[in-house]
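The listed protein sequences correspond, in order, to chains A, B, C and D.
The opening position of the first sequence corresponds to residue 2 in this note's numbering, with each subsequent residue numbered one higher.
The opening position of the second sequence corresponds to residue 2 in this note's numbering, with each subsequent residue numbered one higher.
The opening position of the third sequence corresponds to residue 2 in this note's numbering, with each subsequent residue numbered one higher.
The opening position of the fourth sequence corresponds to residue 2 in this note's numbering, with each subsequent residue numbered one higher.
These aren't lab readings, by the way, just hints derived from the structure by calculation.
One should not assume that every hint holds.
To be verified - Simulated pairs of lysine-lysine, BS3-like, Cα-Cα distance not exceeding 25 Å: (1) Lys31(B) - Lys88(B); (2) Lys148(D) - Lys247(D); (3) Lys88(C) - Lys31(C); (4) Lys247(B) - Lys247(A); (5) Lys247(B) - Lys247(D); (6) Lys247(A) - Lys247(D); (7) Lys148(D) - Lys247(C); (8) Lys148(D) - Lys91(D); (9) Lys247(D) - Lys148(A); (10) Lys31(D) - Lys91(D); (11) Lys148(C) - Lys247(B); (12) Lys247(C) - Lys247(A); (13) Lys31(C) - Lys91(C); (14) Lys148(B) - Lys247(A); (15) Lys247(B) - Lys247(C); (16) Lys148(C) - Lys59(C); (17) Lys247(C) - Lys247(D); (18) Lys247(A) - Lys148(A); (19) Lys148(A) - Lys91(A).
To be verified - A partial selection of chain C residues facing chain D, derived with a Cβ cut-off under 10 Å: (20) Met49; (21) Ile99; (22) Leu102; (23) Ser154.
Positions of the beta carbon are idealized from the N, C-alpha and C atoms, including for glycine.
Chain residues, written in single-letter form:
There are 4 protein chains.
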Amino acid sequence: MQSEEPKSRTDLIRQRIYIVIYGTNTRAGKLFDIFLLIFILLSVAAVMLESVQEIDEKYHTTLLVAEWIFTSLFTIEYILRIFSTRKPWKYIFSFYGIIDLLAILPMYLSFFISGSNLLASIRALRLLRLFRVLKLANFIGEATNLKGALRASRAKITVFLFTVLIIAMVIGTLMFLIEGPEAGFTSIPRGIYWTIVTLTTVGYGDIVPLTAFGQFLSVLVMITGYGIIAVPTGIVSAEFTKQRIKQQKNQKPVKKSGIVCPLCNAEKHNKKATYCHSCGEKLIF
Amino acid sequence: MQSEEPKSRTDLIRQRIYIVIYGTNTRAGKLFDIFLLIFILLSVAAVMLESVQEIDEKYHTTLLVAEWIFTSLFTIEYILRIFSTRKPWKYIFSFYGIIDLLAILPMYLSFFISGSNLLASIRALRLLRLFRVLKLANFIGEATNLKGALRASRAKITVFLFTVLIIAMVIGTLMFLIEGPEAGFTSIPRGIYWTIVTLTTVGYGDIVPLTAFGQFLSVLVMITGYGIIAVPTGIVSAEFTKQRIKQQKNQKPVKKSGIVCPLCNAEKHNKKATYCHSCGEKLIF
Amino acid sequence: MQSEEPKSRTDLIRQRIYIVIYGTNTRAGKLFDIFLLIFILLSVAAVMLESVQEIDEKYHTTLLVAEWIFTSLFTIEYILRIFSTRKPWKYIFSFYGIIDLLAILPMYLSFFISGSNLLASIRALRLLRLFRVLKLANFIGEATNLKGALRASRAKITVFLFTVLIIAMVIGTLMFLIEGPEAGFTSIPRGIYWTIVTLTTVGYGDIVPLTAFGQFLSVLVMITGYGIIAVPTGIVSAEFTKQRIKQQKNQKPVKKSGIVCPLCNAEKHNKKATYCHSCGEKLIF
Amino acid sequence: MQSEEPKSRTDLIRQRIYIVIYGTNTRAGKLFDIFLLIFILLSVAAVMLESVQEIDEKYHTTLLVAEWIFTSLFTIEYILRIFSTRKPWKYIFSFYGIIDLLAILPMYLSFFISGSNLLASIRALRLLRLFRVLKLANFIGEATNLKGALRASRAKITVFLFTVLIIAMVIGTLMFLIEGPEAGFTSIPRGIYWTIVTLTTVGYGDIVPLTAFGQFLSVLVMITGYGIIAVPTGIVSAEFTKQRIKQQKNQKPVKKSGIVCPLCNAEKHNKKATYCHSCGEKLIF
Numbered sequence: 002m003q004s005e006e007p008k009s010r011t012d013l014i015r016q017r018i019y020i021v022i023y024g025t026n027t028r029a030g031k032l033f034d035i036f037l038l039i040f041i042l043l044s045v046a047a048v049m050l051e052s053v054q055e056i057d058e059k060y061h062t063t064l065l066v067a068e069w070i071f072t073s074l075f076t077i078e079y080i081l082r083i084f085s086t087r088k089p090w091k092y093i094f095s096f097y098g099i100i101d102l103l104a105i106l107p108m109y110l111s112f113f114i115s116g117s118n119l120l121a122s123i124r125a126l127r128l129l130r131l132f133r134v135l136k137l138a139n140f141i142g143e144a145t146n147l148k149g150a151l152r153a154s155r156a157k158i159t160v161f162l163f164t165v166l167i168i169a170m171v172i173g174t175l176m177f178l179i180e181g182p183e184a185g186f187t188s189i190p191r192g193i194y195w196t197i198v199t200l201t202t203v204g205y206g207d208i209v210p211l212t213a214f215g216q217f218l219s220v221l222v223m224i225t226g227y228g229i230i231a232v233p234t235g236i237v238s239a240e241f242t243k244q245r246i247k248q249q250k251n252q253k254p255v256k257k258s259g260i261v262c263p264l265c266n267a268e269k270h271n272k273k274a275t276y277c278h279s280c281g282e283k284l285i286f
Numbered sequence: 002m003q004s005e006e007p008k009s010r011t012d013l014i015r016q017r018i019y020i021v022i023y024g025t026n027t028r029a030g031k032l033f034d035i036f037l038l039i040f041i042l043l044s045v046a047a048v049m050l051e052s053v054q055e056i057d058e059k060y061h062t063t064l065l066v067a068e069w070i071f072t073s074l075f076t077i078e079y080i081l082r083i084f085s086t087r088k089p090w091k092y093i094f095s096f097y098g099i100i101d102l103l104a105i106l107p108m109y110l111s112f113f114i115s116g117s118n119l120l121a122s123i124r125a126l127r128l129l130r131l132f133r134v135l136k137l138a139n140f141i142g143e144a145t146n147l148k149g150a151l152r153a154s155r156a157k158i159t160v161f162l163f164t165v166l167i168i169a170m171v172i173g174t175l176m177f178l179i180e181g182p183e184a185g186f187t188s189i190p191r192g193i194y195w196t197i198v199t200l201t202t203v204g205y206g207d208i209v210p211l212t213a214f215g216q217f218l219s220v221l222v223m224i225t226g227y228g229i230i231a232v233p234t235g236i237v238s239a240e241f242t243k244q245r246i247k248q249q250k251n252q253k254p255v256k257k258s259g260i261v262c263p264l265c266n267a268e269k270h271n272k273k274a275t276y277c278h279s280c281g282e283k284l285i286f
Numbered sequence: 002m003q004s005e006e007p008k009s010r011t012d013l014i015r016q017r018i019y020i021v022i023y024g025t026n027t028r029a030g031k032l033f034d035i036f037l038l039i040f041i042l043l044s045v046a047a048v049m050l051e052s053v054q055e056i057d058e059k060y061h062t063t064l065l066v067a068e069w070i071f072t073s074l075f076t077i078e079y080i081l082r083i084f085s086t087r088k089p090w091k092y093i094f095s096f097y098g099i100i101d102l103l104a105i106l107p108m109y110l111s112f113f114i115s116g117s118n119l120l121a122s123i124r125a126l127r128l129l130r131l132f133r134v135l136k137l138a139n140f141i142g143e144a145t146n147l148k149g150a151l152r153a154s155r156a157k158i159t160v161f162l163f164t165v166l167i168i169a170m171v172i173g174t175l176m177f178l179i180e181g182p183e184a185g186f187t188s189i190p191r192g193i194y195w196t197i198v199t200l201t202t203v204g205y206g207d208i209v210p211l212t213a214f215g216q217f218l219s220v221l222v223m224i225t226g227y228g229i230i231a232v233p234t235g236i237v238s239a240e241f242t243k244q245r246i247k248q249q250k251n252q253k254p255v256k257k258s259g260i261v262c263p264l265c266n267a268e269k270h271n272k273k274a275t276y277c278h279s280c281g282e283k284l285i286f
Numbered sequence: 002m003q004s005e006e007p008k009s010r011t012d013l014i015r016q017r018i019y020i021v022i023y024g025t026n027t028r029a030g031k032l033f034d035i036f037l038l039i040f041i042l043l044s045v046a047a048v049m050l051e052s053v054q055e056i057d058e059k060y061h062t063t064l065l066v067a068e069w070i071f072t073s074l075f076t077i078e079y080i081l082r083i084f085s086t087r088k089p090w091k092y093i094f095s096f097y098g099i100i101d102l103l104a105i106l107p108m109y110l111s112f113f114i115s116g117s118n119l120l121a122s123i124r125a126l127r128l129l130r131l132f133r134v135l136k137l138a139n140f141i142g143e144a145t146n147l148k149g150a151l152r153a154s155r156a157k158i159t160v161f162l163f164t165v166l167i168i169a170m171v172i173g174t175l176m177f178l179i180e181g182p183e184a185g186f187t188s189i190p191r192g193i194y195w196t197i198v199t200l201t202t203v204g205y206g207d208i209v210p211l212t213a214f215g216q217f218l219s220v221l222v223m224i225t226g227y228g229i230i231a232v233p234t235g236i237v238s239a240e241f242t243k244q245r246i247k248q249q250k251n252q253k254p255v256k257k258s259g260i261v262c263p264l265c266n267a268e269k270h271n272k273k274a275t276y277c278h279s280c281g282e283k284l285i286f
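Use the sequences and the hints to build the structure in full.
In structure tokens, the structure reads:
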């Protein structure tokens, strides 16, 4: 067994912070996550309310102060996250690391570009952490299933979307030539916009065919859209069905053993383990 | 065999009412249910007609009288339901108990808050009893299957909806910043409203992107919506398919034995049973 | 073997007509069917063109004459169908018999009710015969599969639609109370109309929520609609999947033996059969 | 082994060009394809920009020159394709051959018919070649699966669409008679247009029922549309599910042997093969 070199005070503090910020198994870690989620929700709400003119006029200062408080807290949290982890660069360029940065940048940018602070609503993405916090085996499992099914059907769906886009270009041009600017088809890109609006059955009604021939072509587009909406659905359904039937066959629930690493949440540690097999941190509390 | 303590007159009346109101196996019980459904339909129709201004102006008094008659009948029924059951609190806080109360409250509230009587249309929910009344093995079975499939896919769908909402927040903000109030994007919440309208392919057309970049982003949102509509469908389809294939394998129809309890409709009683194994009432008629 | 009583001249003519009109195996029968379909298409086109004001103003007489010619032909065909079949009442009250009558009635009614002749476009339903005429094993088989899958999911879908309608009533009332007539919610029935328009993701945009709370409720309705659109799709998908997997297992193509009855198209006759096992007509040609 | 007759100089040039233009295995062939795709993208972009009035006014000459350059290049390519292949007629009447011609025709037609040059955006269809160029086993395989599933469900979907169209005719007529021109139902064809817009849940809102009865009928149409959207989805889902379950059973990956024909990309050649088993070209490079 490799001997552990004595840790400096900073190292100990760093580790303690790490466990609170990144971990979800200790009480402090759980509390931290819950408060973090509440703060994110409140700050997103503040940004949204600020964008409503009537509310902004009345409570401008209050909202601004609140936003700066939240931004300061998130900035401190961001710095602590970088400081406490052993691999700061890995965190900075991870999915959550980038989101955490994007969540505080807009406020600082608002000194230079007015209005950019509203981009702070991007911090809603931080709510995705909720899945980690809940850590309900159920939800995590389902999210994994979802991801798996989507990944398996990715290639099929790419082929499908690419073909749809090419068809939309051709139909958009035809509609532009048939209908012309009176009906709102002022250019080919707008024709393509209309085609996608129709094919996906969104149907805003801002651009609408007026000639008999244009309406006839529209009907064909709609029926095509109706038919091809079946394709991605069919692909994903097939994937889920396969997964579900497979699940039913191997229904032995995976037993998870005792000790869980407070840093990286790795499970299935041997009962006598002293170090985490995944991140190498000590498992002693 | 446990000896039955002699019942008081009130107890006998209570039991008789119970059988008529809650039971569906005796002739009186069936008649009661059918009349109840007809009364619910008529009272809902009355409330709806009252909300149409032209009709209300002509027949205001007639409709008001009708509504009060129905409300009185439903109030009496509600009191009898509480009086006749052995566990009144269980009924009061059951799904149907709450609906039954909500069905009569609005009329009484209309003394204090004018217009609240229109909320009486909530009594449409009472029509859900229809499933119990029909009691066609088929329909009940299908409803159970539906519920089962939905429950099994609940976790997957929650993860999915939560992710969609977070994405809607980010896209709603972007569209608000790109398009601005001229196009109807007067605030971030309205941007989110537009995003949901577009993602779900509803597409009212009350808010519509006007700039080229906004329309480009819209197209991306629509195609995403088109793609992800496949996800809940896929989840539920997979569930139904699994269920259906399973059903096909175990196709022995469940035989239901003779005696059915007139109070709680519990089935499969032994032919010699004297008391219901589910609610404890006597099985002698 | 039962001896055949000598047929009268009328009987022979009747049988000959029957084979041409009802049968699809002889050359004459095929030609008749093809001409019938062409006439139906032309007559439907005539009715449609008549409804377009600009065309009607120019060619009113031509179209009227054409319509009367088609109606006369269809009337003669209808009388011949009744005359030639052995069971006229069965035909008259059959699905196709009723459609054939509805296809000629509107023109005669137009003497009494002006404009009713446009209802003649109902004869488009006669095109459903196409499936019989094509008689491509493929198409007939597929239509049967479609019907089978829909029948099997009927009970599930009824429960589902009924529940949706009840929910639509409650939401329609809430939206009527929240939004009021300024937004187009002039009555509860219109609220229900809006709810269905939204739930089914049609989204005309003729009635649209204007208040923040109304828009919030709309978003919930849309997401619900998005979620529950999965239900009927899931039901039908499961049915088709089951069917398809079953088909794959029993892939022995059903061999159909030689003689086909020219009257009722019944197949699988013994090679020595003299009478059709289905309609009793002679099988000698 | 059959002796090869000595090839003339022209034949050698022809073969060399063939390998570059049609083949995708040599470096020159790959480069050619990549440049071709880039040129197609640029030329499509040029056509689209020309259709936007503000851009066209500023850069008219630049765009026109660009379009003519691209058209010249594509014309040369088209001629080389015909010249270099052994079966020019097969190419000319193939799917890609027709698209290649349609991609250059509009520019030449623009001498006679002004505006027809915008049809050049049809060359977007040439981007479908991308699938061949990528030649990722994955994508090609998925495209084949997609095609297979769609082909298998073709008959079912034809029966379905035909039935939907017939129903749309009848409903369109009814709505025209109920609503009349005030609501936008100016003719039966427009009524059919509205029915398709509603059935497919597109819902533009350009034509909208105004009477209570019309709205009631609309609700029925919407719910029907909601129900029957399940049918094509169900059909395609079932097909994919069947395919997917089948795939899972035979998961031995098909091993593809060494030599690939540079002309037709046929694979699985015996290692000692001298001629392509598919197109007959020599396999020596």
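Status of the hints after comparison with the structure:
| no. | hint | verdict |
| --- | --- | --- |
| 1 | Lys31(B) - Lys88(B) | holds, 22 Å |
| 2 | Lys148(D) - Lys247(D) | holds, 16 Å |
| 3 | Lys88(C) - Lys31(C) | holds, 22 Å |
| 4 | Lys247(B) - Lys247(A) | holds, 13 Å |
| 5 | Lys247(B) - Lys247(D) | holds, 19 Å |
| 6 | Lys247(A) - Lys247(D) | holds, 13 Å |
| 7 | Lys148(D) - Lys247(C) | holds, 22 Å |
| 8 | Lys148(D) - Lys91(D) | holds, 22 Å |
| 9 | Lys247(D) - Lys148(A) | holds, 22 Å |
| 10 | Lys31(D) - Lys91(D) | holds, 23 Å |
| 11 | Lys148(C) - Lys247(B) | holds, 22 Å |
| 12 | Lys247(C) - Lys247(A) | holds, 19 Å |
| 13 | Lys31(C) - Lys91(C) | holds, 23 Å |
| 14 | Lys148(B) - Lys247(A) | holds, 22 Å |
| 15 | Lys247(B) - Lys247(C) | holds, 13 Å |
| 16 | Lys148(C) - Lys59(C) | violated, 44 Å |
| 17 | Lys247(C) - Lys247(D) | holds, 13 Å |
| 18 | Lys247(A) - Lys148(A) | holds, 16 Å |
| 19 | Lys148(A) - Lys91(A) | holds, 23 Å |
| 20 | Met49 | holds, 5 Å |
| 21 | Ile99 | violated, 13 Å |
| 22 | Leu102 | violated, 15 Å |
| 23 | Ser154 | holds, 8 Å |
In the structure shown, a violation is registered for the earlier hints numbered 16, 21 and 22, in ascending order.
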